[in-house]
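Place chain F on chain Z using the hints.
There are 2 protein chains.
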Amino acid sequence: MKRVTKSNVIYSYGIRHKPVECVKTGEPLTLMTEDAFGGQIRNVEDKVERLDWSKVDGATGPVYVDTAEPGDTLEVEILDVKTESKGVIVTIPKHGVLAEKSFKSSTQTVRLNSGLVHFEENVTLRARPMVGTIGVTPKEFEVPTGSLGKHGGNMDVKEITAGVKLYLPVFVEGALFAAGDLHAVQADGESCVSAVEVAGEITLKFQLIRNRQPEWPVLETEGSYAILACGDTLDEAAEHAAGSAVKALMREHSWPFEKAYMFSSLAVDLRINQVVDPKKGVRAVLSKDFVTLESLLAA
Amino acid sequence: MKRVTKSNVIYSYGIRHKPVECVKTGEPLTLMTEDAFGGQIRNVEDKVERLDWSKVDGATGPVYVDTAEPGDTLEVEILDVKTESKGVIVTIPKHGVLAEKSFKSSTQTVRLNSGLVHFEENVTLRARPMVGTIGVTPKEFEVPTGSLGKHGGNMDVKEITAGVKLYLPVFVEGALFAAGDLHAVQADGESCVSAVEVAGEITLKFQLIRNRQPEWPVLETEGSYAILACGDTLDEAAEHAAGSAVKALMREHSWPFEKAYMFSSLAVDLRINQVVDPKKGVRAVLSKDFVTLESLLAA
Chain Z
1 MKRVTKSNVI YSYGIRHKPV ECVKTGEPLT LMTEDAFGGQ IRNVEDKVER LDWSKVDGAT
61 GPVYVDTAEP GDTLEVEILD VKTESKGVIV TIPKHGVLAE KSFKSSTQTV RLNSGLVHFE
121 ENVTLRARPM VGTIGVTPKE FEVPTGSLGK HGGNMDVKEI TAGVKLYLPV FVEGALFAAG
181 DLHAVQADGE SCVSAVEVAG EITLKFQLIR NRQPEWPVLE TEGSYAILAC GDTLDEAAEH
241 AAGSAVKALM REHSWPFEKA YMFSSLAVDL RINQVVDPKK GVRAVLSKDF VTLESLLAA
Chain F
1 MKRVTKSNVI YSYGIRHKPV ECVKTGEPLT LMTEDAFGGQ IRNVEDKVER LDWSKVDGAT
61 GPVYVDTAEP GDTLEVEILD VKTESKGVIV TIPKHGVLAE KSFKSSTQTV RLNSGLVHFE
121 ENVTLRARPM VGTIGVTPKE FEVPTGSLGK HGGNMDVKEI TAGVKLYLPV FVEGALFAAG
181 DLHAVQADGE SCVSAVEVAG EITLKFQLIR NRQPEWPVLE TEGSYAILAC GDTLDEAAEH
241 AAGSAVKALM REHSWPFEKA YMFSSLAVDL RINQVVDPKK GVRAVLSKDF VTLESLLAA
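Those protein sequence lines, which keep their order, are chains Z and F.
Our numbering puts the first residue of the first sequence at 1, with every later residue one more than the last.
Our numbering puts the first residue of the second sequence at 1, with every later residue one more than the last.
It is worth saying that the hints were derived from the structure and are not from the lab.
Bear in mind that the values here come from a model prediction, so they are computed numbers and not experimental data.
Among the clues, some could well be false.
Since copy identity is lost for identical chains, a pair holds within one copy or between any two.
Quick list of in silico lysine to any residue cross-link-like pairs, SDA-like style, CA-CA up to 25 Å [to be verified]: (1) LYS101 <-> ASP232; (2) LYS86 <-> TRP255; (3) LYS279 <-> GLU75; (4) LYS24 <-> VAL164; (5) LYS205 <-> ASN8; (6) LYS101 <-> ASP235; (7) LYS247 <-> SER105; (8) LYS94 <-> MET250; (9) LYS247 <-> THR124; (10) LYS104 <-> HIS253; (11) LYS104 <-> SER254; (12) LYS101 <-> TRP255; (13) LYS279 <-> ALA99.
Chain Z extracted, bound-state conformation (with noise of 0.2 Å):
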């Protein structure tokens, strides 16, 4: 199996950045990726203040995959998602949810083994390994690996885990993909602005869906589809991840807005991502009931 080294990190997705490698649709790849700090912080003693930020927020790729033009769809299956055994969790001043607050830069480092992070002696949480920030490069401009949008990236969605599908737009020749920013636990919010950041690999594979595209990056799980949007605020966010659930329920039922907007309101479920980067995260989630795959992806 093909695998791209952590040392294959962009800061940034722009189609100035070489591919590192090549896939075709259904192979196999595994990317190794570095903590979102790129491994700068290792201890307790390792503060925020002394971080290089031109090392923060890496992703691995860019990867083309072959035969992925302007206008098709790229699926990512995510096959699997490991982690080291040792994360880290950082606060700092001015940021989060809680930003107005007045308080410290603090690190804490957590152990990590079988499925469980330790937070502190009696307390533990499950282990949900996720991806952070996956995305394919934009055409027009150039984007940093820690900012989100329609091309994905640092989306900061807890459940794009192992098992989970993701549509992407592909804006250029090989869709050139990228992701990093493995979190071993996050919950809706990542309130402080860091969650559970540690070093590991996904195991993805590709599909192409030609000439047809998601407004927004769309997830699948098991049971529903959810539409990834942002904005600059929560609320703006909300509007655009609802107005994308809209569109899909009129194409989906040959309904007109107002059947579809009401229906929103019985069955689309609006959740927050991230309330804590560049852009605040929000997910429109519908049941597999109610949609389908064709209707998210615009012709």
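Using the frame of chain Z, we list chain F on its own:
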């Protein structure tokens, strides 16, 4: 069992409203409730343009809870929520999460039976009857029953269903509790501004916890507690919910702020209640593994 009929309706939580019933703790009580439109919309021809808005968003009550004193917490156990067999949904121009879009006012009625909501011939949803408005009377001011705040009110939390407990701060003698605005089903967000609005009845009983109060209403479900905060924007509501959760974690574990803030990033889900009422609502959901009711009620 004591029953309060739906003619006993108030449109504000305020001390000028005389109690219509008095109950002791542990004594079951049924409130019969009108739908959010005060029963004015019965058919698809009944458009919102002809609504008498002074008859909208009422709550049944107020009920005096014997021996409730300011500084106490009112525990409200919801024993049953029953709805009538016909509900109504509307769109209202300039309302809802997609208020910026241009669309028409429209009305749809839906049949409710066998635990199902019949949206269309071939589109049914499972009914999940919930209480949209539930709260107590503030001391210093009067608040419309269509709004929400630390006293509860029109919170539109889809998890306020039969089987849960809600903890509300008591501000005035007797608490002066009122509830209404049942929804047969509602998704997180309540995107279009209405859910399946329906008349019905709520059966509940009260207990009192002395000399302690939650910062925001707290909802107890089987496995978790949720802090029900609000704000002028979703971002502000998220900040209030997360801030209150962090304080509870600090009390529970004797942690400094930074540690509780980190942990909230891993274990406190910030979820959208509704994004369409006068104030937006976000709940912070914590597993009972990590917090007790004691820590959610400040001394």
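Checked hints:
Taking the shortest alpha-carbon separations for LYS101 and ASP232, both the intra-copy value of 21 Å and the inter-copy value of 19 Å come in at or below 25 Å. Taking CA atoms no more than 25 Å apart as the test, LYS86 paired with TRP255 passes between copies only; the shortest distance there is 22 Å, against 51 Å inside one copy. Proximity of LYS279 to GLU75 under the C-alpha cut-off of 25 Å is restricted to the intra-copy arrangement: shortest distance 24 Å within a copy versus 38 Å between copies. In this assembly of identical chains, LYS24 and VAL164 lie within 25 Å of each other by CA distance solely inside one copy; the values are 20 Å within and 52 Å between copies.
Only within a single protomer do LYS205 and ASN8 lie at most 25 Å apart by alpha-carbon distance; the minimum there is 18 Å, versus 62 Å between protomers. Proximity of LYS101 and ASP235 under a CA criterion of 25 Å is satisfied in both settings, with 22 Å inside one chain copy and 15 Å between copies. Taking identical chains as interchangeable, the C-alpha atoms of LYS247 and SER105 lie at most 25 Å apart only when they sit on different chains, with a minimum of 18 Å there against 43 Å within one chain. For the identical chains of this complex, LYS94 and MET250 are inter-copy neighbours only, at 20 Å across copies versus 42 Å inside a copy, given an alpha-carbon limit of 25 Å.
For the homomeric pair LYS247 and THR124, the shortest alpha-carbon distance between copies (19 Å) is at most 25 Å, but the shortest distance inside one copy (42 Å) is not. Proximity of LYS104 and HIS253 under a CA criterion of 25 Å is satisfied inter-copy only: 19 Å between copies versus 52 Å inside one chain copy. For the identical chains of this complex, LYS104 and SER254 are inter-copy neighbours only, at 17 Å across copies versus 54 Å inside a copy, given an alpha-carbon limit of 25 Å. Taking identical chains as interchangeable, the C-alpha atoms of LYS101 and TRP255 lie at most 25 Å apart only when they sit on different chains, with a minimum of 16 Å there against 47 Å within one chain.
Taking the shortest Cα distances, LYS279 and ALA99 sit within 25 Å of each other both inside one copy (15 Å) and across copies (21 Å).
The earlier numbered hints are all upheld by this structure, with none contradicted.
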